[in-house]
Amino acid sequence: MAQTKVNNGVNVDALLAAREALKGAPQAAKFNWKATCKWQNGTHSKTEVQEFFGLGQDQKHKTTYSFDADHPEIFASEDNGATPVEFVLVGLASCLTAGVAAVAQNRGIQLRSVEAKLEGSMDIQGILGIDSDVRNGYDDIKVTFVIDADASKKDIEALVAQSQKRSAVYDIITNPTNVSVTVA
Amino acid sequence: MPEHVTTVVIGAGHTGLAVSRGLGARAIDHVVLERGEVANSWRRERWDSLRLLTPNWQSRLPGYSYDGADPDGYMTVPEVIAFIARFAEVASAPIRTQTSVTSVTRVDDHGYLVTTTNGEFRCRCVVLATGACNVPSVPAVRQALPSTIASFTPFDYRNPDQLPDGGVLVVGASATGVQLADEIRRSGRRVILSVGEHVRLPRLYRGRDVLWWMSSSGVWNQRYDEIDDLQRARKLPSPQLVGSRERSTLDLNALQAVGVELVGRLSMIRDGRALFSGGLKNAFALADLKMERLLDTFDAWAQSNPQAAGDVLASERFDPTRPPEKSRLDLNLANGEIQSVVWATGFHPDYRWLQVPVLDHKGNLQHDGGIVTDAPGMYAIGLPVLRRRKSTFIHGAEDDAREIVEHLAGYLAGRLAQTL
Numbered sequence: 001m002a003q004t005k006v007n008n009g010v011n012v013d014a015l016l017a018a019r020e021a022l023k024g025a026p027q028a029a030k031f032n033w034k035a036t037c038k039w040q041n042g043t044h045s046k047t048e049v050q051e052f053f054g055l056g057q058d059q060k061h062k063t064t065y066s067f068d069a070d071h072p073e074i075f076a077s078e079d080n081g082a083t084p085v086e087f088v089l090v091g092l093a094s095c096l097t098a099g100v101a102a103v104a105q106n107r108g109i110q111l112r113s114v115e116a117k118l119e120g121s122m123d124i125q126g127i128l129g130i131d132s133d134v135r136n137g138y139d140d141i142k143v144t145f146v147i148d149a150d151a152s153k154k155d156i157e158a159l160v161a162q163s164q165k166r167s168a169v170y171d172i173i174t175n176p177t178n179v180s181v182t183v184a
Numbered sequence: 001m002p003e004h005v006t007t008v009v010i011g012a013g014h015t016g017l018a019v020s021r022g023l024g025a026r027a028i029d030h031v032v033l034e035r036g037e038v039a040n041s042w043r044r045e046r047w048d049s050l051r052l053l054t055p056n057w058q059s060r061l062p063g064y065s066y067d068g069a070d071p072d073g074y075m076t077v078p079e080v081i082a083f084i085a086r087f088a089e090v091a092s093a094p095i096r097t098q099t100s101v102t103s104v105t106r107v108d109d110h111g112y113l114v115t116t117t118n119g120e121f122r123c124r125c126v127v128l129a130t131g132a133c134n135v136p137s138v139p140a141v142r143q144a145l146p147s148t149i150a151s152f153t154p155f156d157y158r159n160p161d162q163l164p165d166g167g168v169l170v171v172g173a174s175a176t177g178v179q180l181a182d183e184i185r186r187s188g189r190r191v192i193l194s195v196g197e198h199v200r201l202p203r204l205y206r207g208r209d210v211l212w213w214m215s216s217s218g219v220w221n222q223r224y225d226e227i228d229d230l231q232r233a234r235k236l237p238s239p240q241l242v243g244s245r246e247r248s249t250l251d252l253n254a255l256q257a258v259g260v261e262l263v264g265r266l267s268m269i270r271d272g273r274a275l276f277s278g279g280l281k282n283a284f285a286l287a288d289l290k291m292e293r294l295l296d297t298f299d300a301w302a303q304s305n306p307q308a309a310g311d312v313l314a315s316e317r318f319d320p321t322r323p324p325e326k327s328r329l330d331l332n333l334a335n336g337e338i339q340s341v342v343w344a345t346g347f348h349p350d351y352r353w354l355q356v357p358v359l360d361h362k363g364n365l366q367h368d369g370g371i372v373t374d375a376p377g378m379y380a381i382g383l384p385v386l387r388r389r390k391s392t393f394i395h396g397a398e399d400d401a402r403e404i405v406e407h408l409a410g411y412l413a414g415r416l417a418q419t420l
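Chains as they are written, first to last, in our numbering: chain A, 1 to 184; chain B, 1 to 420.
Everything labelled a hint here was simulated from the structure, so no lab data went into it. Mixed in with the good hints there might be a few duds.
Sample of chain A residues at the chain B side, in silico, Cβ under 8 Å [stated by the list, open to error]: (1) P26; (2) K154; (3) E157; (4) A158; (5) A161; (6) Q164; (7) K165; (8) Y170; (9) I173; (10) T174; (11) P176; (12) S180.
These figures come from a predicted structure and were not determined experimentally. Using N, Cα and C, we set each Cβ at its ideal position, and we do this for glycine too.
Take these sequences, add in the hints, and give me the full structure.
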């Protein structure tokens, strides 16, 4: 398993220990991720994340992270931040990349560099209500990894495949999720 | 008054009979309880065209093997029934047929009480030889299936004629799913196959049956305690194989070539639409890579064991699984495009009668290579990767039964329970 000389900065032993511990305590594995969003002006909003729940109790990031979202100027917006759909790409890219590092560590593969390019194609006739046959969201997302590592091409492909298999965001995007939106 | 017997074996399929033969050889008195007849599930719970995945020469039980004229063929269901029934005779197994077990309880530190529709048995040891496939596993999304769509499991599917006219959604791409998708498609119906994680294998590799390679190279003999992720190995779907006269490969490329449409894993049925995962390409990539690694293992073995490898052909590689030109993410279940769903989504054991606390929170039997945890004198056989990767194949019962009987005999002799 994990070879000590490989170091991708991932503590795989701790992750594997957590996996073993949670096998006997499935309740502790129930997490709740949270975000709060405040409208600023126009299409500009600010979303913060800090608190979450897991391992049976409230948890906190060591600081509050803040994200400005807006639309670009060609949508007659002020472009105070990335568009919400770009945040989806951010989530997917960072989730898959974290997975690549973790799986590589577990398989004893030393990474030198990992870069991912993401492209999501979308027909905005959907969101503009021009054509009801066109969906609002992405119709296709392409992720291209360029990875420099001490491993064969096949091993790198297996790394990327395994990362998708274990990725939460990949699952969220490729499978439907129940969403309930209410007004308090 | 319960009948006293040293060991009760539950199930007169090939595993229970293999254990019985071992017990008989050691003069351990026992009965084999069978809810129906010998090889009951083969008589009642199999579709018409099914053949074994293993070639005939591999069909082997303790002191008994195939001796017919077609060693490279694959047995039909009637042939399997005859094969097992003949073994029961050869082994002179003390079988009580038409005897369903209704409960097994722990009596005291020294044994169990087995209650049946045909009397009670007091015993020191129980061997659960009821297998892994008692109940078809159907995902909860079935509840949302519109009532206009007919629903089949591999237990009630017999042949395509039984299905209503119109298209068919087959869910699951293990051996069962690919075989049913293929025969239903060949019956002239439109078939959509929902594909999740799967195990791809060619039927023949370098001129030999791929299961010859599994066996010869030692992969199948890998022991449960040598496997990194045993839990995962035990949950692997059966490989995409079919036993046919043509010895042809039945992978997803072959299915696409006959016009089966592939979609991703079924994730949800909502508003009368089936929704499929968009992760199909990664399911292909995982299976292709895994197959390549296995073939690499075979090649390496053949290279270092030229004697054993014999006259195998040159190394070969297969085309990657072809992604469909457009893979749809949903299917309208109300517009008549499909009229039935076949759930080829696996099976699970039925332990409702087992009133001894040996199951985990997910209902899985807790055991160490077939030695049931915290239940001295209780054993299991015929479960996935019970003691070896080959445990669920017919000939896999040979080694497993021998070792389990050895442990059981040791237990009876009062020796300390030891890991085999």
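Close enough to count: is the Cβ of A:A158 nearer than 8 Å to one in chain B? Result: holds, 5 Å to nearest chain B Cβ.
Answer holds if the nearest beta-carbon of chain B is closer than 8 Å to that of A:S180; otherwise answer violated. Status violated, d = 13 Å.
Satisfaction of the A:P26 interface hint, Cβ to chain B closer than 8 Å: holds (7 Å)
Going by Cβ atoms only, is A:I173 closer than 8 Å to chain B? Result: holds, 7 Å to nearest chain B Cβ.
Are A:K154 and chain B close enough, Cβ to Cβ, to be under 8 Å, as the hint says? holds (7 Å)
When the least beta-carbon distance from A:Y170 to chain B is tested against 8 Å, hint result: holds (7 Å)
Could you check if A:P176 really has its C-beta closer than 8 Å to a C-beta on chain B? Holds. Min distance 5 Å.
Hint check: is the beta carbon of A:Q164 less than 8 Å from a beta carbon of chain B? At 4 Å from the nearest chain B Cβ, A:Q164 passes the 8 Å test, so the hint holds.
Go through the hint on A:A161 and say holds or violated, using the shortest Cβ distance to chain B against 8 Å. Holds, because the Cβ-Cβ distance from A:A161 to chain B comes to roughly 4 Å (cut-off 8 Å).
Given A:T174 as an interface hint, is the shortest Cβ-Cβ distance to chain B below 8 Å? holds (4 Å)
Less than 8 Å between beta-carbons is the criterion; does A:E157 satisfy it with respect to chain B? holds (6 Å)
Satisfaction of the A:K165 interface hint, Cβ to chain B closer than 8 Å: holds (6 Å)
Against the hints set out earlier in the document, a violation occurs for number 12 only.
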